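Undergrad: Spelled out from the first residue to the last, the chains are:
Protein chains: 2
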Amino acid sequence: MKTSSYHYKTLKDSPSDAELISHKLMLRSSMIKLNASGIYTWLPLGLRSLKKVENIVRRNMEEAGAQEILMPMVQPSDLWEESKRLSEYGPELLRFEDRNDRSFVLGPTHEEIITDIARKTLNSPKDLPANYYQIQTKFRDEIRPRFGVMRSREFLMKDAYSFDINEKGMKESYDLMRDAYQKIFNEIGFDYRIVSADSGAIGGSASEEFHVLADSGEDKIIFSDDELFASNLELFGEKSDQEIIDRLHEKDGKKYSIKRGIEVGHIFQLGDKYSKSLSLSIQTKEGNINPLMGCYGIGISRIIAASIEQNYDQDGIIFPRSIAPFEAIIIIIGEDKNLLNEAESLQNDLTKKGIDSIIDDRNESPGKKFKDADLTGIPFQLIISEKNHKENLLELKVRSEGTSFKDNKKNILAKLKP
Amino acid sequence: MKTSSYHYKTLKDSPSDAELISHKLMLRSSMIKLNASGIYTWLPLGLRSLKKVENIVRRNMEEAGAQEILMPMVQPSDLWEESKRLSEYGPELLRFEDRNDRSFVLGPTHEEIITDIARKTLNSPKDLPANYYQIQTKFRDEIRPRFGVMRSREFLMKDAYSFDINEKGMKESYDLMRDAYQKIFNEIGFDYRIVSADSGAIGGSASEEFHVLADSGEDKIIFSDDELFASNLELFGEKSDQEIIDRLHEKDGKKYSIKRGIEVGHIFQLGDKYSKSLSLSIQTKEGNINPLMGCYGIGISRIIAASIEQNYDQDGIIFPRSIAPFEAIIIIIGEDKNLLNEAESLQNDLTKKGIDSIIDDRNESPGKKFKDADLTGIPFQLIISEKNHKENLLELKVRSEGTSFKDNKKNILAKLKP
Numbered sequence: 035m036k037t038s039s040y041h042y043k044t045l046k047d048s049p050s051d052a053e054l055i056s057h058k059l060m061l062r063s064s065m066i067k068l069n070a071s072g073i074y075t076w077l078p079l080g081l082r083s084l085k086k087v088e089n090i091v092r093r094n095m096e097e098a099g100a101q102e103i104l105m106p107m108v109q110p111s112d113l114w115e116e117s118k119r120l121s122e123y124g125p126e127l128l129r130f131e132d133r134n135d136r137s138f139v140l141g142p143t144h145e146e147i148i149t150d151i152a153r154k155t156l157n158s159p160k161d162l163p164a165n166y167y168q169i170q171t172k173f174r175d176e177i178r179p180r181f182g183v184m185r186s187r188e189f190l191m192k193d194a195y196s197f198d199i200n201e202k203g204m205k206e207s208y209d210l211m212r213d214a215y216q217k218i219f220n221e222i223g224f225d226y227r228i229v230s231a232d233s234g235a236i237g238g239s240a241s242e243e244f245h246v247l248a249d250s251g252e253d254k255i256i257f258s259d260d261e262l263f264a265s266n267l268e269l270f271g272e273k274s275d276q277e278i279i280d281r282l283h284e285k286d287g288k289k290y291s292i293k294r295g296i297e298v299g300h301i302f303q304l305g306d307k308y309s310k311s312l313s314l315s316i317q318t319k320e321g322n323i324n325p326l327m328g329c330y331g332i333g334i335s336r337i338i339a340a341s342i343e344q345n346y347d348q349d350g351i352i353f354p355r356s357i358a359p360f361e362a363i364i365i366i367i368g369e370d371k372n373l374l375n376e377a378e379s380l381q382n383d384l385t386k387k388g389i390d391s392i393i394d395d396r397n398e399s400p401g402k403k404f405k406d407a408d409l410t411g412i413p414f415q416l417i418i419s420e421k422n423h424k425e426n427l428l429e430l431k432v433r434s435e436g437t438s439f440k441d442n443k444k445n446i447l448a449k450l451k452p
Numbered sequence: 035m036k037t038s039s040y041h042y043k044t045l046k047d048s049p050s051d052a053e054l055i056s057h058k059l060m061l062r063s064s065m066i067k068l069n070a071s072g073i074y075t076w077l078p079l080g081l082r083s084l085k086k087v088e089n090i091v092r093r094n095m096e097e098a099g100a101q102e103i104l105m106p107m108v109q110p111s112d113l114w115e116e117s118k119r120l121s122e123y124g125p126e127l128l129r130f131e132d133r134n135d136r137s138f139v140l141g142p143t144h145e146e147i148i149t150d151i152a153r154k155t156l157n158s159p160k161d162l163p164a165n166y167y168q169i170q171t172k173f174r175d176e177i178r179p180r181f182g183v184m185r186s187r188e189f190l191m192k193d194a195y196s197f198d199i200n201e202k203g204m205k206e207s208y209d210l211m212r213d214a215y216q217k218i219f220n221e222i223g224f225d226y227r228i229v230s231a232d233s234g235a236i237g238g239s240a241s242e243e244f245h246v247l248a249d250s251g252e253d254k255i256i257f258s259d260d261e262l263f264a265s266n267l268e269l270f271g272e273k274s275d276q277e278i279i280d281r282l283h284e285k286d287g288k289k290y291s292i293k294r295g296i297e298v299g300h301i302f303q304l305g306d307k308y309s310k311s312l313s314l315s316i317q318t319k320e321g322n323i324n325p326l327m328g329c330y331g332i333g334i335s336r337i338i339a340a341s342i343e344q345n346y347d348q349d350g351i352i353f354p355r356s357i358a359p360f361e362a363i364i365i366i367i368g369e370d371k372n373l374l375n376e377a378e379s380l381q382n383d384l385t386k387k388g389i390d391s392i393i394d395d396r397n398e399s400p401g402k403k404f405k406d407a408d409l410t411g412i413p414f415q416l417i418i419s420e421k422n423h424k425e426n427l428l429e430l431k432v433r434s435e436g437t438s439f440k441d442n443k444k445n446i447l448a449k450l451k452p
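If you're matching them up, the sequences are chains E and S in order.
First residue of the first sequence: 35, per the working numbering; consecutive thereafter.
First residue of the second sequence: 35, per the working numbering; consecutive thereafter.
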């Protein structure tokens with residue numbers, strides 16, 4: 035891959051209505067482009083990061099025993115009537131009629147669809163436990179879409195749904211997903227907290243959210259200094275922050291603090307809410323039972339923005355290696371044909387090590403090339419210049435450390451772990 | 035992977051309204067499940083095949099220099115007004131208002147969106163040629179959805195869009211895609227024809243369709259015996275088949291025949307239709323020009339059905355290896371624990387060779403297991419029984435040949451090329 039034939043375009047400025055740093059940097063590095071309010075196209079650089087997130091999520095879902103499926107985005111309203119959510123869900127639920135005046139909704143979530151599938155396919159206790167997930171486009175008709183892909187209307191989500199024969203099973207499935215989520219968010223390199231949460235429009239008995247700590251977060255979370263207690267502040271109603279901290283402190287003497295968080299995951303124990311209302315039942319020796327469900331969401335699109343909120347400096351994004359669009363960029367400084375050959379040979383070496391890279395072979399000034407590399411946040415910058423070339427040296431700049439040093443190719447490659 | 039913990043469920047019958055063999059077999063093998071008229075969920079087995087098709091398409095697009103992006107499914111009507119298609123496109127275009135009464139459509143195709151992106155990002159001749167593709171959910175509000183995923187309302191498509199500075203460039207981009215399509219359909223193992231076609235609602239000057247030959251095809255295609263001429267019959271208007279054959283024969287003396295085909299791909303030279311109407315222009319030395327576009331579609335979902343129409347027998351599907359949900363199924367006959375160990379060891383060997391497999395470890399009769407394996411069309415059946423186990427033998431049945439033979443594991447593995 036070379037920048038000369040790749041959509042590698044940076045902008046000096048971002049639109050004035052972009053408030054969040056992640057929104058600004060994603061626009062400036064051309065990861066995304068706006069088509070309509072809250073509706074974006076993911077451009078090549080952005081989509082590469084998105085796919086890396088998808089793959090981390092997919093691998094961990096499979097390892098936890100969840101099976102991938104693909105459910106429709108367009109859902110018949112009948113199913114939402116059965117669950118009673120057609121009336122309960124707010125105006126975020128986009129409703130429309132097809133050409134035959136049948137009512138549909140554009141899926142903001144898929145509890146109804148999966149329960150419809152389950153009642154048609156799961157019919158024996160042998161079929162449980164079962165856990166299905168998908169990575170699919172969702173639509174939520176936000177009244178005020180903003181913050182780029184952080185609060186867009188169309189977005190990608192991973193949603194998983196578990197089915198169990200009893201409460202013990204449901205809790206085991208829930209814990210499996212909870213563990214998988216921790217692995218996923220660790221792999222992505224997040225500083226995050228798991229907090230008790232409100233079950234809201236999804237329903238059910240218990241739920242927890244995964245919050246990435248960031249000053250720009252829309253939610254406030256409160257936790258004790260020993261971190262044994264953590265909760266979304268919305269569970270405490272209308273009281274002031276200090277009041278809540280004081281009240282909790284009085285109870286157990288612990289210190290509490292409040293931080294802002296970006297919700298990137300939410301897991302629920304749903305119980306029989308959907309299996310009952312949509313009549314999913316399974317015949318057991320003890321009679322017919324409604325399987326107990328759990329549901330588990332991850333905001334795939336939002337993860338990119340959340341990661342940037344935690345990883346940037348004045349020059350741009352500092353992507354963790356696991357979700358960077360490329361792990362390395364090979365920057366050519368100079369016009370000698372040998373430099374391009376050296377770059378291609380280096381790219382081959384990197385590919386062999388399993389490191390994906392792009393060569394910046396554009397006819398641009400060194401300054402512009404360095405600035406662009408810093409802005410797009412690619413972890414390793416490998417600089418090939420005429421001077422270095424003559425001395426058989428290569429320069430490596432590690433974006434997250436800001437440091438750079440020269441050595442021969444062999445030693446530089448040895449430093450880059452696959 | 036084991037069938038005991040996988041959604042591997044077969045049905046004896048398919049609903050009476052399923053007419054096509056592919057529809058019946060996909061339902062019976064639980065590759066898909068209906069949620070509403072023309073709207074399906076892809077279950078684990080079906081999605082595995084779908085992902086294999088996606089990967090073949092993706093790899094060939096990348097090799098042809100196309101860059102992957104992800105465009106929104108929900109599209110502002112404004113853009114469709116600019117292209118004039120809001121009025122020209124029929125009722126297949128689903129239209130709706132959001133909560134703020136702004137008009138949107140659910141994307142059946144993405145010419146407007148990509149041209150909107152292009153006018154915001156491509157601004158110099160250096161930016162051309164460019165080719166962007168996506169694999170994304172589409173919606174077409176068919177009046178009479180039928181034939182399963184062959185003519186569903188929500189479906190997956192690969193759509194690519196090229197931008198060139200002049201006609202020569204446009205044709206080169208077109209030919210690149212045409213070549214890539216041939217590679218893709220060869221890899222999928224189709225018997226297909228490339229035929230001249232009508233440009234229809236998409237517009238433009240020239241277009242060709244890729245048709246998989248099948249008696250159940252909805253289109254009729256006509257071609258000469260030397261195959262230098264091939265066309266969709268709809269280009270000839272209302273005349274009878276024989277009349278058309280006779281008229282062509284009179285002209286050049288060649289023999290012509292008519293067959294039925296399933297359209298799996300369609301490529302267009304669009305010219306400046308969209309770049310003009312949506313004001314995508316690029317400044318060149320000779321003044322401002324509207325880049326010339328091409329667009330290129332592949333019906334990802336439909337490919338699975340088309341493949342089945344060409345590959346089945348009375349026992350079920352006969353998937354080509356490239357898009358089979360699994361390449362091999364290891365069938366355990368007997369309850370001895372050693373058999374499961376042998377199966378797992380065999381699965382490891384296969385994985386090492388890059389062959390994906392599933393172990394049928396269900397507590398079912400041998401007959402049921404064989405029938406299910408035949409139905410789901412997995413290319414290689416590897417049978418582990420107590421008798422074979424004692425004699426250190428393994429049985430291999432090749433689904434497409436119906437033949438089976440026994441040998442030791444080493445020799446059997448040697449026969450399975452990676």
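If you're looking for bench data, these hints aren't it; they were derived computationally from the structure.
Careful: at least some of the hints might be erroneous.
As the list claims (entries may be wrong) - Heads up, incomplete: computed chain S residues facing chain E, CB under 8 Å, no partners named:
hint	residue
1	LYS46
2	LEU61
3	ILE73
4	LEU77
5	PRO106
6	VAL108
7	PRO110
8	ARG133
9	THR171
10	LYS172
11	PHE173
12	ASP175
13	SER250
All figures in this text were calculated on a predicted structure; none of them were measured in a lab.
From the three backbone atoms N, C-alpha and C, an ideal C-beta is built for every residue, glycine too.
Undergrad: Confirm or reject each hint.
TA: Comparing the hints with the structure gives:
no.: 1; hint: LYS46; result: 14 Å, violated
no.: 2; hint: LEU61; result: 11 Å, violated
no.: 3; hint: ILE73; result: 5 Å, holds
no.: 4; hint: LEU77; result: 6 Å, holds
no.: 5; hint: PRO106; result: 5 Å, holds
no.: 6; hint: VAL108; result: 5 Å, holds
no.: 7; hint: PRO110; result: 4 Å, holds
no.: 8; hint: ARG133; result: 5 Å, holds
no.: 9; hint: THR171; result: 6 Å, holds
no.: 10; hint: LYS172; result: 10 Å, violated
no.: 11; hint: PHE173; result: 6 Å, holds
no.: 12; hint: ASP175; result: 5 Å, holds
no.: 13; hint: SER250; result: 24 Å, violated
Of the numbered hints given earlier, the model fails hints 1, 2, 10 and 13; all others are met.
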